[in-house]
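Q: All chains should be built: construct the whole structure from the sequences, respecting the hints.
What follows is the residue order along each chain.
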Amino acid sequence: MDELYATPRPRVTASMLPKYVGNNVTMVGLVDSGDIASDGNSFRLKVDDKTAVTVVMNTPLNELLEDVVEVTGTVNNQSHLQCITYRKITSTVEFSLDNYNKTVELAHSHPEYCTYK
Amino acid sequence: MFQNSGGMQDFGGDFGGGGFQVGGFGSPAVGDRQKKIRSQNIVPVTAQNVSEMIPDDSAFRLGDNDVSHVTMVGTVIHSEKSQTCTTYKIDDTTGTVIVKHWNSLDSEDDGMEGEESPVYEQGSTVRVFAQVRSFQKIVTLNALHIRPVEDLNEVTVHMLECIKFNMVSKAKKNQKPSFPNQSSNAGFSQFSSGGGFAGNQMNQPSAMNMGMNAVQTQVWQLIEGSTDPGGMSITEIRSTLKGLNLNRIKEALDFLSNEGHIYSTVDDEHFKSTS
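In order, the protein sequences belong to chains A and B. Sequential numbering from 1 applies to the first sequence in this note's numbering. Sequential numbering from 1 applies to the second sequence in this note's numbering.
Not one of these hints is a red herring.
Now the stretches of chain A that chain B is said to cover, found in silico as 3 or more residues with beta-carbon under 8 Å:
(1) 9-17
(2) 84-91
(3) 95-107
Treat the hints as calculated values from the structure; they're not laboratory data. No residue lacks a Cβ here, since even glycine has one placed at the ideal position from N, Cα and C.
A: Put into structure tokens, the structure is as follows:
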């Protein structure tokens with residue numbers, strides 16, 4: 001797992017996935033328990049109101065995912081995320097996914113202020 | 001302003017908010033003073049910033065800024081507790097940082113558990129306030145205070161704070177004080193009230209375009225950008241905006257001074273911007 005942390009894993013939005021094929025990225029989104037495949041090998045992560053990204057697991061999920069989840073993984077050429085690790089996010093205050101997405105877009109549109117090498 | 005954004009509020013809003021705003025970025029004294037006054041500001045950083053820091057005497061430099069205290073938000077990916085300190089490896093998707101948290105001296109007495117600093121487990125998100133230290137060329141952080149992040153929006157806010165710090169220090173460097181204060185203040189007060197962030201354009205003072213045509217906007221931007229205390233003269237404007245003839249420039253100057261955007265200084269030929 002340590003090699004995962006050796007390189008930066010930029011936070012991305014769904015529209016940026018095609019640019020990061022083959023790279024490790026981090027995405028945050030909502031998971032509805034109905035969006036998990038029955039074999040536990042994949043699930044859909046809703047990253048904003050309109051887009052959902054398919055996340056493919058190496059080992060089947062052994063717990064029920066719901067609400068906000070942060071997934072770190074590799075982007076494959078179908079713009080699916082090959083999950084390396086995921087984290088359930090619990091927040092006492094409602095997490096604004098909208099603001100988060102806007103921030104990520106802002107960070108990417110101004111690479112001189114916030115770089116992911 | 002930062003009190004409203006919520007990120008630093010728990011830690012005594014003054015320390016984070018006040019230090020950030022009041023101290024300003026110009027406080028590090030350089031050069032002619034004999035005693036080097038260390039910057040007292042807490043700088044929001046990403047893990048990548050930490051690895052980019054260059055040791056400079058007893059302080060550190062990040063880009064053009066002197067940094068001694070920083071704040072970071074990230075996830076604990078490794079924690080190791082020893083008798084004297086706990087070492088964490090904290091990751092924030094841009095990189096990882098080693099953070100050492102020394103045990104507080106109160107808990108050394110036998111039989112008195114006191115304020116044992118809790119060990120943060122792997123996977124938890126924390127906010128760290130720390131001093132920058134380097135050891136054998138590796139930059140690490142000495143944590144002054146660590147607390148768990150309860151509100152995930154804090155992660156978002158921290159990213160924005162880092163961006164803002166970079167923008168403001170770059171803008172100060174370029175000596176265009178009017179632009180970043182307007183845009184980024186407007187942007188952040190909108191953010192803290194929960195919306196309208198996308199409407200803010202950071203790169204152009206587009207708010208200034210209202211009511212002005214192209215000629216007037218060009219003349220206005222030119223005068224605004226001038227740092228000359230005597231103001232900009234008509235001849236300078238003419239030589240810079242070669243495409244405009246004198247009459248149109250004069251009309252634009254009349255319009256702008258009627259609207260109150262500029263005023264005449266040395267004589268009727270020199271103008272300065274009011275903002």
